[in-house]
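Undergrad: The primary structure of each chain is shown beneath.
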Amino acid sequence: MQDKPLILAGQEFSSRLIIGTGKYKDYQQNADALAASGAQIVTVAMRRVNLSDPDEPMLVDFIDPKQVLFLPNTAGCFTGEDAVRTLRLAREAGGWSLVKLEVLSDPKHLYPDMTETVRAAKMLIDDGFDVMVYCSDDPVFARKLEDLGCVAIMPLGAPIGSGLGIQNKVNIRLIVEQSSVPVIVDAGVGTASEAAEAMELGCDAIITNTAIAEAKDPVRMAKAMKHAVIAGREAYLAGRMARKLYADPSSPLGGLI
Amino acid sequence: MKITINGELREFNEELTIARMLVALSLVPAKVAVERNLQIVPRSAFGETVLSENDKIEIVRFIGGG
Numbered sequence: 001m002q003d004k005p006l007i008l009a010g011q012e013f014s015s016r017l018i019i020g021t022g023k024y025k026d027y028q029q030n031a032d033a034l035a036a037s038g039a040q041i042v043t044v045a046m047r048r049v050n051l052s053d054p055d056e057p058m059l060v061d062f063i064d065p066k067q068v069l070f071l072p073n074t075a076g077c078f079t080g081e082d083a084v085r086t087l088r089l090a091r092e093a094g095g096w097s098l099v100k101l102e103v104l105s106d107p108k109h110l111y112p113d114m115t116e117t118v119r120a121a122k123m124l125i126d127d128g129f130d131v132m133v134y135c136s137d138d139p140v141f142a143r144k145l146e147d148l149g150c151v152a153i154m155p156l157g158a159p160i161g162s163g164l165g166i167q168n169k170v171n172i173r174l175i176v177e178q179s180s181v182p183v184i185v186d187a188g189v190g191t192a193s194e195a196a197e198a199m200e201l202g203c204d205a206i207i208t209n210t211a212i213a214e215a216k217d218p219v220r221m222a223k224a225m226k227h228a229v230i231a232g233r234e235a236y237l238a239g240r241m242a243r244k245l246y247a248d249p250s251s252p253l254g255g256l257i
Numbered sequence: 258m259k260i261t262i263n264g265e266l267r268e269f270n271e272e273l274t275i276a277r278m279l280v281a282l283s284l285v286p287a288k289v290a291v292e293r294n295l296q297i298v299p300r301s302a303f304g305e306t307v308l309s310e311n312d313k314i315e316i317v318r319f320i321g322g323g
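Residue numbers (my numbering), protein chains in the order written: chain A, 1 to 257; chain B, 258 to 323.
Each hint should be verified, as a subset may be incorrect.
To be verified - Ranges of calculated distance between the beta carbons of each label pair, as one might list FRET restraints:
(1) 47(A) x 267(B): 15 to 23 Å
(2) 64(A) x 270(B): 32 to 40 Å
(3) 56(A) x 267(B): 16 to 24 Å
(4) 107(A) x 266(B): 24 to 32 Å
To be verified - Non-contacting residues of chain B with respect to chain A, defined by C-beta distances greater than 10 Å in every case (computed):
(5) 259
(6) 270
(7) 305
(8) 311
(9) 312
To be verified - Derived list of chain A stretches under chain B, where covered just means 3 residues or more per stretch with a C-beta under 8 Å from a C-beta of chain B:
(10) 22-33
(11) 63-77
Calculated directly from the structure, the hints in this document are not laboratory data.
Quick reminder that beta carbons are idealized off the backbone N, C-alpha and C, glycines included.
Construct the complete structure from the given sequences, taking the supplied hints into account.
TA: Now the structure itself:
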């Protein structure tokens, strides 16, 4: 029983797990976790080179952008102008137009600033980018972003880096039901069961960084996430049984001795 | 010639292209992107783009992120 691939701006992916590249002990551990996860896309950030240490380890020396799709983010950007500037540099560095837009607000909760996110999405789309957008779990804003032309809607399940799990199942389900582009839970997943939970809600993929990077054994957690996403997806496609109020024996009652 | 690179003031004695600046900084052109006075410099133009006094240069690369 073949599942259909995840399609983002016309590109097909067999893995529905996207992992981050922040917070790891080092890039080697990150590369090992990536191999264990089976992910085909990694999120990355753009930052100034360290002029005082030109020999510092480079992400691209450990994770090959020709083998794995780099999805540049706009972390640290608070306006549409900042986001466009950052992603133009990323496009020049890597040559891809698929990007992850995140315009954050208060450092305490890192919720997306949705009015600025909508404005930035429009600027990026006008500039030729394929925008995957980190957003609140508000179905109204999700609809506006899809109507603008975003190629994936990526609501949070809980604040970035919190590992609190999927706190907003009703809203995630509503967004899944109304969207015709992929819906990807971005932020909140803390462990494998929560990745499966997001997929069982019908999400097309999940993005997780901290849950893997801050696990005691990140490589093992990466493997767990791989299986969880597959399990959750299969369960969603299979369709769960109806919930019942009372027991229903699995063994027939007839023919008892 | 004074140029600001990633917010740091640097002095160079000779005329400089972006390509030569990267060599002077021991950076590999294929691994970075360069912005000059808020305009992207395409990698293909590194060799012919000559820097001017008081240019503001940003040199960035991919790092780990979520």
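Undergrad: A separate judgement is required for each hint: does it hold in the structure or not?
TA: Verification of the supplied hints:
1. Distance hint check: the CB atoms of residue 47(A) and residue 267(B) are about 19 Å apart, consistent with the given range 15 to 23 Å.
2. Range check, residue 64(A) to residue 270(B): Cβ separation about 38 Å, and the 32 to 40 Å hint holds.
3. Taken as a hint, the range 16 to 24 Å holds for the pair residue 56(A) and residue 267(B), whose Cβ atoms sit roughly 18 Å apart.
4. Here the CB-CB span from residue 107(A) to residue 266(B) is close to 30 Å, well matched to the stated 24 to 32 Å.
5. Distance check for residue 259(B) against chain A: the nearest CB is about 15 Å away, which clears 10 Å, and the non-interface claim stands.
6. Look at residue 270(B): its CB is around 18 Å from the nearest CB on chain A, clear of 10 Å, so calling it non-interface holds up.
7. Interface exclusion of residue 305(B) from chain A stands, the closest Cβ pair being 16 Å apart, more than 10 Å.
8. Non-interface call for residue 311(B) relative to chain A: holds, since the shortest CB-CB distance, roughly 18 Å, exceeds 10 Å.
9. With a least CB separation of 15 Å from chain A, residue 312(B) remains clear of the 10 Å interface cut-off, as annotated.
10. Only residues whose C-beta sits within less than 8 Å of a C-beta in chain B count toward coverage, and the region 22-33 of chain A has 5 of them, enough to reach three; the restraint holds.
11. Given as covered by chain B, the region 63-77 of chain A passes the check, having 5 residues with a CB less than 8 Å from a CB of that chain where 3 are the minimum.
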